[in-house]
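Residue numbers (our numbering), protein chains in the order written: chain A, 123 to 454; chain B, 107 to 448; chain C, 84 to 747; chain D, 6 to 149.
Calculated directly from the structure, the hints in this document are not laboratory data. None of the values given here were measured: they were computed from a predicted structure. For every residue, glycine included, the Cβ atom is placed at its ideal position computed from N, Cα and C. All the given hints hold, so there is nothing to weed out.
Cut-off 25 Å, straight-line C-alpha distance, at most; resulting in silico cross-link-like pairs (DSS-like, lysine-lysine):
| # | chain 1 | residue 1 | chain 2 | residue 2 |
| --- | --- | --- | --- | --- |
| 1 | D | K140 | B | K142 |
| 2 | B | K179 | C | K747 |
| 3 | A | K224 | C | K691 |
| 4 | D | K12 | C | K189 |
| 5 | A | K242 | B | K263 |
| 6 | A | K152 | B | K313 |
| 7 | B | K175 | D | K140 |
| 8 | A | K194 | B | K441 |
| 9 | C | K255 | C | K586 |
| 10 | A | K351 | B | K360 |
| 11 | A | K194 | C | K691 |
| 12 | B | K395 | A | K351 |
| 13 | C | K548 | C | K462 |
| 14 | A | K171 | B | K441 |
| 15 | D | K148 | B | K360 |
| 16 | B | K175 | C | K112 |
| 17 | C | K701 | A | K194 |
| 18 | A | K198 | B | K395 |
| 19 | C | K691 | A | K351 |
| 20 | C | K747 | D | K12 |
| 21 | A | K171 | B | K437 |
| 22 | B | K313 | A | K242 |
| 23 | B | K440 | A | K171 |
| 24 | D | K121 | C | K483 |
Short derived list, chain A residues pointing at chain C, Cβ under 10 Å:
| # | residue |
| --- | --- |
| 25 | N193 |
| 26 | E217 |
| 27 | C349 |
| 28 | K351 |
| 29 | S359 |
| 30 | G360 |
| 31 | V361 |
| 32 | F381 |
| 33 | H382 |
| 34 | V383 |
| 35 | A431 |
| 36 | V434 |
| 37 | D435 |
| 38 | Y436 |
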Amino acid sequence: MQKITREQLIEKAVSLLADGTVSCVLGWSKGEFDYDVTPALFNNEEELKANFVFNDFCGVNFSKYLISKTNKCDGKILVFLKPCDTYSFNQLLTEHRFDREKVYAVGIPCEGMADIAKVKQICGDGISSIAFDGEKMAVTTLYDDAPVMISTADVLAERCVNCKSKKHVAFDELMGDEGEVIDSNRFDEVEKLEAMTPDERFAFWQNELSRCIRCNACRDVCPACTCEKCVFDNPNSGVENKSPANSFEEKMFHIIRAFHVAGRCTDCGECSRVCPQNIPLHLLNRKFIKDMNEFYGEYQAGAEVGLRAPLVDYTLTDIEPGEVFDRGDSDA
Amino acid sequence: MRKCSLDKINLVFAEIAKSSALYLPVDQNDGSAAYKKWEEGTVWSNALNTVRSPKDFFFPQTEDLMKFKTSGKNIEIIDTRSEAEDFVVFGVRACDVKSFDILDRVFLSEHVDSFYGSRREHGVIVSVACTRPSETCFCKTFGIDPSESAGDISAWKTETEIFFKANTQKGEELLNKLSSLTEECDETVVNEQKAKINAVMNKLPLKDLNTEAFGGGKTNEFFNSPLWDELSQTCLGCGTCTFVCPTCQCYDIKDFNTGNGVIRFRCWDSCMYSEFTKMAHGNNRLTQKERFRQRFMHKLVYYPENNDGLFSCVGCGRCISKCPISMNIVKVMKKMGGAVNE
Amino acid sequence: MQRVGVFVCWCGSNIAGTVDVEAVSEALKSEPGVVFSTNYQYMCSQAGQDMIKDAVKEHNLTGIVVCSCSPRMHEATFRKTAAAAGLNPYMVEIANIREQCSWVHKDMLTGTEKAIILGKAAIAKVNLNAPLTPGESPVTKRALVIGGGIAGIQTALDIADAGFPVDIVEKKPTIGGKMAQLDKTFPTLDCAACILTPKMVDVAQNEKIRIFSYSEVSEIKGFVGNFDVTIKKNARFVKEDVCTGCGACVEKCPMKKVPNEFNLGMDNRRAIYIPFAQAVPKVATIDPNACNMLKNGKCGLCARVCTAGAIDYTQKDEYIEEKYGAIVVATGFNPISMDKFDEFAYNQSKDVITSLEFERLTNAAGPTAGKLLRPSDGKHPHTIVFVQCVGSRCDACAEKGKEYCSKICCMYTAKHAMLTRDKYPDTEVYVFYIDVRTPGKNFDEFYRRAVEEYGVKYIKGMVGKVTPEGDVLKVQASDLIANKQLHIDADLVVLAAAIEPDKSARPLATMLTASMDTNDFFTEAHPKLRPVESPTAGVFLSGACQGPKDIPETVSQAGAAASKVIGLLAKDKLTGNPCVAHSNELMCNGCSSCERVCPYGAITYIDKEFRMPDRTTKIRRVASVNPAVCQGCGACTVTCPSGAMDLNGFANLQIMAEVDAICK
Amino acid sequence: MQVNEYKPLIVAFCCNWCSYAGADLAGNNRLNYPAEVKIIRVPCSCRVNPMFVLRAFQRGADGVIICGCHPGDCHYTSGNYYTRRRMAALFSMLDYLGIEKERTRVEWVSAAEGAKFAATMNDFVEKVTALGENKRLEDLRCKK
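Let the sequences and hints guide you as you build the complete structure.
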């Protein structure tokens, strides 16, 4: 259950619309089911009252939408940002991807968002309703008469289990209290992999990446993948491809994508959230983040506007490429 | 109608696998299910359905059409076809079975797609009735009965038994192979099953979704609707919906230069992509709104127009559960349908 | 599709020896785009080049692939050939089948196989080449000479002589450098001062030349023709333009015990000083580390005695920014430190000295007014041992000394020995040597005179140990020819210390992005053909900063460097390297990554209006590259995620095509 | 020539100013190294895009080595510093994906180090030969 309520957010939005601070609102719109929310633009109080929702399934990171939406509506656009979204927000500003003047950012607290897949693993398919109630949610299915009580903590999305920060690094206005950067365990999984033998690692990724259907959801949702034209869509790039014809192209796409966002990825976890095949793509990005932290010192993309990413920087005494292996894996 | 105890199901699989490759839904470590080739020890998934639809068996994501071998300035053309193997797809749901009809009308009518065609010929489909429909199911909307699934063989599964009914010649032949493992039986149990399923179907949240508003000849009604802007406004333009969709059939033909030759292959394409149907003059759908509209107009208007009112959606619900922003055909139908009804 | 001509060079037997050139030109005939393929003994010869020109006309070729020696050797040649044939010079690609094939592989089969693949790669690339036209940039018609020794002086004079303004930056208070410290010069034995000081005066009087003495270069930006240099003028606490150099202040200065670096610390100077009588500029300088006034505000005598009122204790370091078209490095050399050579007891005994110190001892303007006296007791030495190759020609593994030959030691030692015997016939003079190297006009004659006429005792062998005992130096050495150990009681031991580049050279090289060898000598653009140019355009080398040299060599190289500079400054425009980066605005995200990695600040951003697909317009920030500033490293191309940034001549697709061809 | 003896395919990206010249020097001094090494000339090691490295593996290379000026000696002052970071990150990622780390390498070879160039190539080819064919980053379509 989120600390902040739908009503509070609507109230805030309505007042900002009323006093002309903003001319439209980027928010979550209710869908067919209680867990089903769609990002949408709201233009007035009626629309907000009718469709705006805020609950434990509002995981979408709005930052990327600002690139296109700031041009869509005249006047400022109100965006509600969860702590992790604010890092993407800053990173996009660092890369001059949207006009800060056209945005009114309201930071909202986040208690972590739920993953419907985890819910279904507990109570099965056929969910007819979800009632949010304190630390728990009451899930009713078509198949049992009594609702199943699930504690939200048990169904948190991976990225929220390993939440890196409850601190808003960018906002015009903050609802709720200032959060803190969290010393998370987000690199544990990466370390597990590093500790494996190369053969085990290869088998692991072979299995994961072989499921990729190249729907591009990971790329298209990623706040760092904002290229006007992606090299993989560009017939003149020499690496364009539409579908993973074989295991090489699966790897190629994900390695290059991870490399292109290396140092720019804020670890918002959207890629893993949207992957229809549940490939743990965040483990690629986190590897880069972890490496760069270890090689070049702690760096959090988006922590501030204008930070110089590790790969566009250097020192005279950086680690040599040949030395990066002498860590983790057993056979090094 | 024949039945066999579920304890013997692996024997059934083994028997089928003797004569041809057998594919069936298998649980994956991420909790979802996917079609895998059966081998000793493979366990049939209880999941309602797979993430990827069984259309892959007849219309794979990528498929080599031919190869050009170049040596210096000489070119030799090599036939790379390999779709002549017999196979059985087991455990296909009613919605997905229906999707084959929709694909057939595209690939097997005028100018038969021989790749698709021969895969269809070599494939036997064993469907199975749904035991636990999901809230995302809306196959009824398209007149599909999940309790009475089609295919070469229809199957019904209870707690303890599985029942088979052959619908086609191919089905008969396969069922005969299983005669030693199965026994003749009447339809009582199956009918109970059907009743159960239908009871659930009438409780589904999307049960009332209907297609009245849509169909052939409605192009002008919908094409210029202002609602498309709103519906498409947050679409990411990814291909998830089209790639998990059992009825999406668009593909692109590309050449891959291997360095010592060229492989001409086809691969799925998505109307959601900016490069979709790119022509010499550029793209004919310039914005995401137009691409978004194309997908739903195709499913709900253009296709029925050319196919005697048959819609090219089967209500499997994959796009509903997989769309990153959960915008989907149901929302489009409700919004659009509602709009014109008023 | 290009129409490519392939030209395989035999390079006599250099290539044809291990590569079946016939087979190569035959095999490449059938490559896509190739319409003509042949081979010839020497493609770089006039006949070979004509062959190419004719082929271009005959087969109207649009691209040329030459399979020959390294592009670093003849790329330019063949580009000219193409141009002469009316082709864009950048439609030429070289397949390096000599340095990187025929010379490194023994077996004909493998050599040929590889040559064919390298040829294919070049063809694959040239198929994607596009005609390139170099951009132009203006030339600032002023030169900077870094270092005011004889090298810098000569270069400056020659450049000024051609009518171009020159600035000399010298870190010491006066120009003159090492030569000013020398006594006589070999092989003519004329006095160094007599030939140097007039030149120093010329410099001072030449209105085209500005001297920044007691100054250093602190920052260098820009590129050939357009360098922006910041010069740090250290505060000397004396107004240069006011000081008359009368020396009254020096007379009065109470701080008398400051080691005199000009005499290598063998005597003392004052806190305020003029290095030597003929210093240029003849201006006093206050040593802030010695001056009481500057250290604790007590004294101020010099200010009081200075009638001109030139003293200014408040003077601050001054930074001067100036534009230059060309930069000459003339940072010179220094003798290496003797600290590591304990066997010669340099640090134990004052009477073990280096040759440069010996120069000062025998110099009329030196600490002993030219009389040869022992530093320890001022007695006249009767036995002098000269030791050669101290720290020169050491083997690589030795933790001390240099691998190279310092070149000048043999001659100046002969000079020292000869002069000593000439002035003081009663002294015994021994010279221990490994080899006596006397190439050069009148050099060997000079050395033989030392031996034959002056009876200098040359002994082939090395001194093993020098032990000070009382007032004698026990010298233990070996005579390799007589094959016996020698024990000499010497009064004075003179070490011919190896010479090394000045310490200021390394940081300067970094500022200039000019490359250096492992010994910190500047590397030349080509060891034989471009000896006075650095690989970095617009940077030239004069004197010992490029390698050990004697005075005549230095002067001639200084002149050569000057002529190169004049050649550059004579141009009004420079045509740059067209292989520069460029950004595809349609794909550029304006993310600034490229700007951050560009070492030349060649990338700037502009807001541009674009027509969006939905027929609206959008202002987007996009990168634009200044082709005059871009040097074409390509750092930006890799940092650009969308691939909007690409590099002319080394485009993504070209390199991938090469990869493909190689991996076929 | 032995037919069945496995010979790896090595793609070497060499910067124009140091390593390519170093390779030339190796030639001038007639220092042998295996013909399996094919050199591609780039202006600076920082021109090498990770896509080129993967491309080489895709097209059948068994090893990829990138040679540049020694850190501090880059003709473009800083290019090789970026190379160092990019390739450190890339190689670490490839290793993370289970691709043999011996297949990729960065070496700093100056224009004066012809001997080092030859020695490096000999060593690299030896290591890659020991590994055998590149299976983990191969694209079967590109195999003959």
